[in-house]
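Q: Below, each chain spelled out in residue letters.
2 protein chains.
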Amino acid sequence: MPALASKTEPGWAERVLAAPDELLIDHAHCEKKAAGTAINLIFRYPQRHFLLEPLSRLAREELVHFEQVVALLARRGVAFGFQKPAPYAGRLREGMRTHEPARLIDTLLCCALIEARSCERFQLLAETAEDPELRDLFGGLRAAEARHRGVYVDLAERLAAAEVVGERLAELAEHEARVLADSPPLPRIHA
Amino acid sequence: MPALASKTEPGWAERVLAAPDELLIDHAHCEKKAAGTAINLIFRYPQRHFLLEPLSRLAREELVHFEQVVALLARRGVAFGFQKPAPYAGRLREGMRTHEPARLIDTLLCCALIEARSCERFQLLAETAEDPELRDLFGGLRAAEARHRGVYVDLAERLAAAEVVGERLAELAEHEARVLADSPPLPRIHA
Chain A
1 MPALASKTEP
11 GWAERVLAAP
21 DELLIDHAHC
31 EKKAAGTAIN
41 LIFRYPQRHF
51 LLEPLSRLAR
61 EELVHFEQVV
71 ALLARRGVAF
81 GFQKPAPYAG
91 RLREGMRTHE
101 PARLIDTLLC
111 CALIEARSCE
121 RFQLLAETAE
131 DPELRDLFGG
141 LRAAEARHRG
151 VYVDLAERLA
161 AAEVVGERLA
171 ELAEHEARVL
181 ADSPPLPRIH
191 A
Chain B
1 MPALASKTEP
11 GWAERVLAAP
21 DELLIDHAHC
31 EKKAAGTAIN
41 LIFRYPQRHF
51 LLEPLSRLAR
61 EELVHFEQVV
71 ALLARRGVAF
81 GFQKPAPYAG
91 RLREGMRTHE
101 PARLIDTLLC
111 CALIEARSCE
121 RFQLLAETAE
131 DPELRDLFGG
141 LRAAEARHRG
151 VYVDLAERLA
161 AAEVVGERLA
171 ELAEHEARVL
181 ADSPPLPRIH
191 A
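So the protein sequences, as listed, match chains A and B.
Yeah, the first sequence ends on 191 if you go by our numbering, and it's all consecutive.
Yeah, the second sequence ends on 191 if you go by our numbering, and it's all consecutive.
Hints are computed from structural coordinates only; laboratory data are not their basis.
Keep in mind that the hints are not guaranteed to be accurate.
Heads up, the list lumps identical chains together, so a pair's fine if it works in one copy or across two of them.
[What the hints assert, rightly or not] Below, simulated SDA-like cross-link-like pairs (lysine to any residue); rule was C-alpha separation at most 25 angstroms, straight line:
hint: 1; residue 1: K7; residue 2: G77
hint: 2; residue 1: K33; residue 2: R57
hint: 3; residue 1: K7; residue 2: A79
hint: 4; residue 1: K33; residue 2: L72
hint: 5; residue 1: K84; residue 2: D154
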């Protein structure tokens with residue numbers, strides 16, 4: 001995942017795995033939010049035809065993962081419900097440009113960075129978790145997040161030259177690394 | 001579909017099929033909005049566990065239909081994009097109660113009515129359209145809308161007795177029939 005500008009610190013996976021149920025609730029919310037974000041992009045940009053099918057498919061895959069995590073929570077006897085989100089996604093958005101098409105490019109690249117960070121961290125979780133059911137879940141999600149990162153970067157490259165997209169991705173990756181470094185240490189994927 | 005309090009007037013299908021592309025664009029928006037509504041309910045009521053899996057699955061099915069209609073538009077050389085929506089869904093919402101759990105019950109029942117009306121009208125469209133591709137599409141969508149109506153009513157019956165739900169559904173169906181009767185004659189499923 002060369003997009004990321006920082007590496008997750010040693011001990012992160014052990015820290016968040018100390019509260020596995022809270023981590024799973026967070027992740028169910030993340031999958032739901034990822035689906036919501038993809039659908040919101042379709043609402044906001046219906047005239048950008050190249051976005052529609054890939055984002056709709058991606059939203060469906062996020063919903064499958066949401067259902068998987070909700071089912072796992074039920075098997076573990078954990079109640080899904082409201083949860084204070086990490087400040088990560090909101091702070092990440094503060095780095096986006098507000099004029100078009102830069103706003104759309106930045107939205108797609110921030111989505112790519114969220115997927116890349118999830119991918120990096122699911123790898124760590126899959127390596128660290130002792131519960132085989134959690135290891136399997138995290139390993140499967142890791143692969144999906146890597147694919148999704150590629151989808152978002154490819155879509156951004158429909159709007160600007162690959163070199164321009166790559167430079168902007170590097171800038172936003174620096175911003176993402178700062179946001180994450182400032183995040184309070186909650187048991188969340190992005191904290 | 002016994003939930004509906006009125007029958008679509010003769011000639012409706014011929015009228016809207018005079019603008020088939022606008023009708024298809026409308027329907028792509030409707031599928032996208034149906035997915036968005038189901039996901040919004042998951043966002044608003046994460047603690048209502050019985051909603052999560054059925055609504056997530058339903059949202060995924062609406063997205064598959066969205067992709068189908070978008071692909072059909074592309075084959076027909078029609079550009080998808082923004083479109084002035086019919087006032088139907090917004091006016092329908094005006095009939096909902098605002099305190100919980102009545103708000104959630106009414107939201108589910110309004111969704112059931114939208115699905116029931118779509119089902120009735122896709123049946124008419126499938127019988128009337130001359131283009132075999134449109135006939136197939138409308139016939140397939142009709143069956144899905146009937147199933148979705150059942151999903152929404154079943155979910156409402158998790159929140160109140162079937163008799164109470166049935167009475168409220170009948171009241172909201174009267175409201176739906178009035179909203180539709182007042183709708184301007186646009187080439188839309190719900191106009």
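Q: Run every hint past the structure and note whether it holds.
A: Evaluation of the provided hints:
1. K7 to G77: Classified as neither: same-chain Cα gap 33 angstroms, cross-chain 47 angstroms, threshold 25 angstroms.
2. K33 to R57: both (15 angstroms within a copy, 16 angstroms between copies)
3. K7 to A79: neither (32 angstroms within a copy, 43 angstroms between copies)
4. K33 to L72: within (18 angstroms within a copy, 28 angstroms between copies)
5. K84 to D154: The answer is neither: 32 angstroms in one copy and 31 angstroms across copies each exceed 25 angstroms.
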